[in-house]
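Use the sequences and the hints to build the structure in full.
Just so you know, the protein sequences line up as chains A and B, in that order. When we follow the working numbering, the leftmost residue of the first sequence carries the number 1, and every step to the right adds one. When we follow the working numbering, the leftmost residue of the second sequence carries the number 1, and every step to the right adds one.
Keep in mind that a hint or two might mislead.
To be verified - BS3-like, lysine-lysine: derived pairs with alpha carbons at most 30 Å apart:
id, chain 1, residue 1, chain 2, residue 2
1, B, 253, B, 73
2, B, 98, B, 175
3, B, 421, A, 54
4, B, 171, A, 36
FYI, nobody ran anything at the bench for these hints, they're computed from the structure. Every value quoted in this text rests on a predicted model; they were computed, and no experiment measured them.
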Amino acid sequence: MAEFLLKRLATIVPTLIFVSMLIFGLQQLLPGDPAKILAGEEQDPTVIAHLREKLHLDEPLPMRYAYWMGGVLRGDLGESIRNQQPVLDLVLQKLPVTIQLATMAMAIALLIGIPAGIASAVGRGTIWDTLANVFALWGISTPNFWLGILLILLFSVQLGWLPASGYVSPFEDLRANLASMIMPAFVLGNAIAGVLMRHTRSAMLQVLSADYVRTARAKGLRERVVVLRHGLRNALVPIITLGALEFGTLLSGAVLTEQVFTIPGFGKLIIDAVFNRDYLVVQGVVLVTATTYVVLNLLADLAYFAVNPRLRN
Amino acid sequence: MKNFARTLLASLLGAAALAAQAQTLRIGLAEDPDVLDPSLARTFVGRIVFAALCDKLFEVDEKLNIIPQLAEKHEWSADSKALTITLRPGVTFHDGEKLDAAAVKYSLERHKTMPGSNRRGELAPVTSVDIVDPMSVRLNLNAPFSPLLAQLADRAGMIVSPKAAQAAGDKFGTKPVCTGPYKFVERVAQDRIVLERYPDYWNKGQVNFEKIVYTPIPDATVRLANLKSGQLDYIERVASSDVEKLQTDKRFKIARITEIGYQGITINIGKSEKAQQNPLGKDPRVREAFELAIDRQGLAQVVMDNEAVVGNQWVAPTNPFYAKSLPVPKRDVARARALLKEAGVTNPSFTLLTPTTSDAQRLALVVQAMARDAGFDVKIQAAEFATSLNMADKGEFEAYALAWSGRADPDGNLFSFHGCKQPLNYAGYCDPETEKLLAQSRSLRDVAERRKVFEQIAARVLKERPIVYVYHRKWLWAYSAKLTGVREIPDGLLRVQGLKLGS
Chain A
1 MAEFLLKRLA TIVPTLIFVS MLIFGLQQLL PGDPAKILAG EEQDPTVIAH
51 LREKLHLDEP LPMRYAYWMG GVLRGDLGES IRNQQPVLDL VLQKLPVTIQ
101 LATMAMAIAL LIGIPAGIAS AVGRGTIWDT LANVFALWGI STPNFWLGIL
151 LILLFSVQLG WLPASGYVSP FEDLRANLAS MIMPAFVLGN AIAGVLMRHT
201 RSAMLQVLSA DYVRTARAKG LRERVVVLRH GLRNALVPII TLGALEFGTL
251 LSGAVLTEQV FTIPGFGKLI IDAVFNRDYL VVQGVVLVTA TTYVVLNLLA
301 DLAYFAVNPR LRN
Chain B
1 MKNFARTLLA SLLGAAALAA QAQTLRIGLA EDPDVLDPSL ARTFVGRIVF
51 AALCDKLFEV DEKLNIIPQL AEKHEWSADS KALTITLRPG VTFHDGEKLD
101 AAAVKYSLER HKTMPGSNRR GELAPVTSVD IVDPMSVRLN LNAPFSPLLA
151 QLADRAGMIV SPKAAQAAGD KFGTKPVCTG PYKFVERVAQ DRIVLERYPD
201 YWNKGQVNFE KIVYTPIPDA TVRLANLKSG QLDYIERVAS SDVEKLQTDK
251 RFKIARITEI GYQGITINIG KSEKAQQNPL GKDPRVREAF ELAIDRQGLA
301 QVVMDNEAVV GNQWVAPTNP FYAKSLPVPK RDVARARALL KEAGVTNPSF
351 TLLTPTTSDA QRLALVVQAM ARDAGFDVKI QAAEFATSLN MADKGEFEAY
401 ALAWSGRADP DGNLFSFHGC KQPLNYAGYC DPETEKLLAQ SRSLRDVAER
451 RKVFEQIAAR VLKERPIVYV YHRKWLWAYS AKLTGVREIP DGLLRVQGLK
501 LGS
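Rendered as structure tokens:
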């Protein structure tokens, strides 16, 4: 276990270095001159020249990468050229919002997806199975922005129950915070619930037809114990992998959902930064996201040990 | 499920609490503004926030007249090369400092010298600023420059607190200190900008809200949903397709203000060698045929749901500087075909570059269909805005659907677009005679004389067609019917003075 952990940690460093190069390199492929887009409507040549100098745009790529990495290693992600705020501040400002949204969405997805998957596997061929499958298909195939706008029209415009958009910090007003987060979390969770349900169902079906499950039943164990302790626990490994991946995706920002509900998270930050060619913001956010993703994958690997004792040796 | 229901209930109560904030004016913006430093700022939405935050030396009214704001009066020297401004007494900055001649000199010099300042070009003719007495300054120019007052009625005329600006350096935009009716409280990027009433404002009788919160909501449907659900009091840029339905709703009012900018199609006539490689760039007759193939009214109807005023010049036909001798041409397909025949080109083909906004793309499609009737084969190339701008600047285009937000003085819609080698001259138009007239127009202060020169410029430019102007969009605002005192100023910026929320 310790050896495994060390091995995994050792691969993280080169992975992140590679990722940082990739982020930096891909960004350079974006068409359009950042100095030009940042110069605004007037396109004053002296302003463009000033911005080029400030962004080191005239220097060779490796130099620019070195400037950036030098800063990153000192904990300085640079400054947004558009609104002058330090990138680290922006990241720290948005990270809690994104984490909260991702956690709520994941909770909703798990609460819906796993029970639905179990029910559909256990009651295979029954009406529950069909209903769960229809639900999963709906979740996977409904576009987020469309569902989001429909929910806003229903719950905010028609019924007036929930705020249409905007974000309130939970430390300021927990109720208002939950009110503003529930719709976007549901929209995101709904989509993931569908995927989770499908995977839970197939994993459970496989496990339930295994010999040890038949043995467990033959021992006279109650069906609940058979399904949950012997079945689900073994079926969880692929679900954890999927959950971690989905959670990682959520943390990288749910661009469309955040846009629709005006939730100031990573998604909105990065999309605005890409369109404004605010390079340092894009690089900073993607680097933080990638790091989180790598760490989450490590955590998922550790979770396998917890649920599957056979892996411990 | 029980948890979900409980959360729903909790949020219901939360929504009720939201409704109680009557002293706050909540504004929905279409974008997140850029840096809030008058010298560095470059976006339209930023100017909306500045309208509450930073007063200017001059202001424009509904008819685009220039009226004093921080200036009390002004006087031009006989040779029009010096402008003396007397300041309004008793004005203080949000940090309590006094507005005086030294502060004005500091701000104008900051606009001119700060690295990356976008105001440098606007104030280029100003060579120095003298302090005449503690409450008046003299701006010395290297040549007469009639658009100066209009420049001073925009960001170039915003005066910042020298003390705060010196302390903050180039970070001033994160905590701006000006003389406007509201002072800066906080900004959370992509989320909100909060301003609060400045109790010592010089015109405080006109300030009725305690706070203003600006929320950027890029999606027009969501912005409108927020207004309808009562979370916003005012939104800018309503989608033209939503206007008809909104009009029947008594809870809201709509303002439609013809913009000072325009929508046009810029044609590469000399920006790069590409101009000579296709008939549209090469031959003015082909451009005339292209213009005659376009039915502007039909275009405005399909693209903008008629929320636009058709036009053929850099200012709208309602503008005092519009050249009436050159009216909007009617569509004439037969004449267009004849012109193409005369030019010896059958079925000329060119690519129309457009940004990816839905308006621009619809425009391109309709233009394509209309031009086909005259025999044109228009190909459409949509590119994301930054990319399209880059292509335009390099001359990698044949025609480009480009809009301009406009400036109060016609010079702002004209000079940089039609002067040789000017930064916004994507068409590559350069005519020595026009060049002379442009310089002359800047030296005249008399409106009638300026109009005459503008008419001569229009006659030359409209014949060459570096830009085919098609229409002037309307700024569409929607706001709660309870909100009174909304002033419809053509620059499209909401003035907060005088706004009030009735019962």
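Violated hints - listed by number, lowest first: Hint 1 alone not satisfied by this model.
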